[in-house]
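Visitor: Chains B and A, in that order, are what the protein sequence lines are. So for the first sequence, the working numbering puts the first residue at 1; every next one is plus one. So for the second sequence, the working numbering puts the first residue at 1001; every next one is plus one.
Heads up, a few of these hints could be off.
Unchecked claim - Partial selection, computed: residues in chain A whose CB lies under 10 Å from chain B:
#1 Val1012
#2 Leu1044
#3 Leu1083
#4 Gly1087
#5 Ala1101
What the hints assert, rightly or not - A few chain B residues facing chain A, derived, Cβ under 10 Å:
#6 Leu13
#7 Glu17
#8 Gly29
If you are wondering where the hints come from, they were derived from the structure by calculation, not from laboratory data. In this text, a Cβ means the ideal position worked out from N, Cα and C, and glycines have one as well.
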Amino acid sequence: EDQVTQSPEALRLQEGESSSLNCSYTVSGLRGLFWYRQDPGKGPEFLFTLYSAGEEKEKERLKATLTKKESFLHITAPKPEDSATYLCAVHIGRNSGGYQKVTFGTGTKLQVIP
Amino acid sequence: SQTIHQWPATLVQPVGSPLSLECTVEGTSNPNLYWYRQAAGRGLQLLFYSVGIGQISSEVPQNLSASRPQDRQFILSSKKLLLSDSGFYLCAWSVLETVGAAFFGQGTRLTVV
Chain B
1 EDQVTQSPEA LRLQEGESSS LNCSYTVSGL RGLFWYRQDP GKGPEFLFTL
51 YSAGEEKEKE RLKATLTKKE SFLHITAPKP EDSATYLCAV HIGRNSGGYQ
101 KVTFGTGTKL QVIP
Chain A
1001 SQTIHQWPAT LVQPVGSPLS LECTVEGTSN PNLYWYRQAA GRGLQLLFYS
1051 VGIGQISSEV PQNLSASRPQ DRQFILSSKK LLLSDSGFYL CAWSVLETVG
1101 AAFFGQGTRL TVV
């Protein structure tokens, strides 16, 4: 069964303390991996798309990387406004019925303390 | 620029009552449209997916249905709500080539009482 697992479930950092969030997947035929940020009570906000192992994307203090089994979201010198839940999702193409299969992880809740 | 509107933001409905949530997208044509449900502690669950007017796909059997009467309008409905239908419902759109890179609405918090 296709699975997406994010770790840790929650992470508390001091402002300026860099760290990484993990998204591991066991799927066949990965078509893309996506990172989102979600603030409480809001819809997810799209951050990055990664398509192949070795690919990297950056946006401000965030950098996403991809290997054949997992992706990391590196947060460099985080600020309190980076506090949010970070979700990853994988796209594994279509099933036999033509249905697009995108599976989300349960997220990592990040809290950055001033 | 593209925008997505989803309403209402919150909704409290009694068991057995009907449901209609509406979502509209502006600034793009022929988008893929999605309805997701997010339960506490669980990942987003894709409920319905549409590639065009009148074309709805669903892999999850449930008490809900979806319709796409216009290119940029997506509606989630139920004839009789169950307690288990409570949750955070999200509408999203994407372009075909980047189906996993979706842009989400602000969500509807549905509580069935």
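Visitor: All hints are to be evaluated individually against the structure, with a verdict given for each.
Guide: Do the hints match the structure? See the list:
no.: 1; hint: Val1012; in the structure: 16 Å, violated
no.: 2; hint: Leu1044; in the structure: 4 Å, holds
no.: 3; hint: Leu1083; in the structure: 21 Å, violated
no.: 4; hint: Gly1087; in the structure: 13 Å, violated
no.: 5; hint: Ala1101; in the structure: 5 Å, holds
no.: 6; hint: Leu13; in the structure: 22 Å, violated
no.: 7; hint: Glu17; in the structure: 26 Å, violated
no.: 8; hint: Gly29; in the structure: 13 Å, violated
Hints 1, 3, 4, 6, 7, 8 from the list above are not met by this structure, while the remaining hints are.
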